[in-house]
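Trainee: Going line by line, the protein sequences match chains V and D. FYI, this note's numbering numbers position 73 of the first sequence as 73, with every residue one higher than the one before it. FYI, this note's numbering numbers position 66 of the second sequence as 66, with every residue one higher than the one before it.
Rather than coming from a laboratory, the hints here were simulated on the basis of the structure. Every residue gets a Cβ at the ideal spot worked out from N, C-alpha and C, and that includes glycine. It cannot be assumed that every hint is accurate.
[What the hints assert, rightly or not] Calculated lysine-lysine pairs in the BS3-like style (CA-CA distance at most 27 Å, straight line): (1) Lys68/V with Lys44/D; (2) Lys62/D with Lys44/D; (3) Lys27/D with Lys62/D; (4) Lys44/D with Lys71/D; (5) Lys52/V with Lys44/D; (6) Lys77/V with Lys60/V.
[To be verified] Listed below are several chain D residues computed to face chain V (Cβ distance under 10 Å; list not exhaustive): (7) Gln37; (8) Glu52; (9) Ile54; (10) Gly59; (11) Pro61; (12) Lys62; (13) Glu63; (14) Phe65; (15) Glu68; (16) Phe91; (17) Ala93; (18) Ser115.
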Amino acid sequence: GNSVTQMEGPVTLSEEAFLTINCTYTATGYPSLFWYVQYPGEGLQLLLKATKADDKGSNKGFEATYRKETTSFHLEKGSVQVSDSAVYFCALIQSGGSYIPTFGRGTSLIVHP
Amino acid sequence: NAGVMQNPRHLVRRRGQEARLRCSPMKGHSHVYWYRQLPEEGLKFMVYLQKENIIDESGMPKERFSAEFPKEGPSILRIQQVVRGDSAAYFCASSPYGLSNSNQPQHFGDGTRLSIL
Chain V
1 GNSVTQMEGP VTLSEEAFLT INCTYTATGY PSLFWYVQYP GEGLQLLLKA
51 TKADDKGSNK GFEATYRKET TSFHLEKGSV QVSDSAVYFC ALIQSGGSYI
101 PTFGRGTSLI VHP
Chain D
1 NAGVMQNPRH LVRRRGQEAR LRCSPMKGHS HVYWYRQLPE EGLKFMVYLQ
51 KENIIDESGM PKERFSAEFP KEGPSILRIQ QVVRGDSAAY FCASSPYGLS
101 NSNQPQHFGD GTRLSIL
């Protein structure tokens with residue numbers, strides 16, 4: 001079956017540091033890949049997505065590139081802010097299947113001033 | 001433009017009681033999805049509904065759990081005879097069309113935190 005594996009958190013950084021949150025996946029075929037962000041007490045919000053190999057999704061300074069050869073979709077940001085503190089979820093939707101998303105366990109990011 | 005509305009935000013029940021969680025999708029959305037989030041875990045799909053129809057309930061426990069999305073009114077996730085293990089955050093998401101397009105994201109509500117005493 002499909003699965004998404006994320007690096008364990010929490011990830012603790014100082015403001016303006018470089019961020020990488022690793023995500024790898026297992027799926028048949030060519031899934032679409034997503035990053036969601038969850039702020040405390042809220043639901044998930046779509047951050048970015050990529051639908052085919054070598055696509056780069058980007059939003060609010062965050063980027064992730066769909067790497068089919070390594071089955072990865074790592075999230076990066078060049079300079080994090082305190083307001084980026086949240087839980088980040090990697091997810092995939094299998095095309096040609098049930099189209100129900102498969103989520104990773106989430107990675108907590110804590111940014112200190 | 002209101003987003004996905006869930007209520008209550010927090011719900012406390014004693015073991016053996018019933019819990020009812022409500023979800024009003026975004027305006028114009030006729031597809032609703034329920035997820036459960038246990039502490040330190042990701043979201044687990046439970047059920048996918050359209051108006052008056054259950055499309056996919058493969059993630060729903062076979063006993064005590066049920067869901068509906070009537071023609072009028074919100075979608076309801078109902079948990080009968082709750083147990084401690086039901087304590088979790090329950091999220092609802094909606095979309096304007098069914099998940100026939102793998103590019104299409106869902107819009108999430110803020111969730112209901114269910115605590116079982």
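Trainee: So, for every hint listed, does it hold in this structure?
Mentor: The hints, checked one at a time:
1. Restraint check for Lys68/V and Lys44/D: the C-alpha separation of about 25 Å stays at or below 27 Å, so the hint holds.
2. Our distance criterion of 27 Å between C-alpha atoms is met by Lys62/D and Lys44/D, whose separation comes to about 15 Å.
3. Taken as a hint, the Lys27/D and Lys62/D pair is broken in the structure, with Cα atoms around 31 Å apart against an allowance of 27 Å.
4. Simply put, Lys44/D and Lys71/D have alpha-carbon atoms about 26 Å apart, close enough for the 27 Å limit, and the pair holds.
5. Of the supplied pair hints, the one linking Lys52/V and Lys44/D holds, its CA atoms being roughly 24 Å apart against a limit of 27 Å.
6. Note on Lys77/V and Lys60/V: the hinted pairing holds, with a Cα-Cα distance of about 9 Å set against a maximum of 27 Å.
7. About 8 Å separates the beta-carbon of Gln37/D from the nearest beta-carbon of chain V, less than 10 Å, and the hint is met.
8. For Glu52/D, the interface hint is violated, the least distance from its beta-carbon to any beta-carbon of chain V being 20 Å, above 10 Å.
9. Annotation: Ile54/D was flagged as interfacial toward chain V, and the flag is violated, the nearest CB pair being 13 Å apart, outside 10 Å.
10. Nearest Cβ of chain V to the Cβ of Gly59/D: about 8 Å, under the 10 Å cut. The hint holds.
11. Because the closest C-beta pair between Pro61/D and chain V is about 16 Å apart, greater than 10 Å, the hint is violated.
12. At its closest, the beta carbon of Lys62/D sits 18 Å from a beta carbon of chain V; the interface hint therefore is violated under the 10 Å criterion.
13. The restraint placing Glu63/D at the interface with chain V is violated, with a minimum CB-CB distance near 21 Å, outside the 10 Å limit.
14. At about 17 Å, the closest approach between the beta carbon of Phe65/D and any beta carbon in chain V exceeds 10 Å, and the interface hint on this residue is violated.
15. For the restraint placing Glu68/D at the interface with chain V, the shortest Cβ-Cβ distance is roughly 19 Å, beyond the 10 Å limit, so the hint is violated.
16. Taken as an interface hint, Phe91/D checks out: its beta carbon lies about 6 Å from the nearest beta carbon of chain V, inside 10 Å.
17. The restraint placing Ala93/D at the interface with chain V holds, with a minimum CB-CB distance near 8 Å, inside the 10 Å limit.
18. Nearest Cβ of chain V to the Cβ of Ser115/D: about 15 Å, over the 10 Å cut. The hint is violated.
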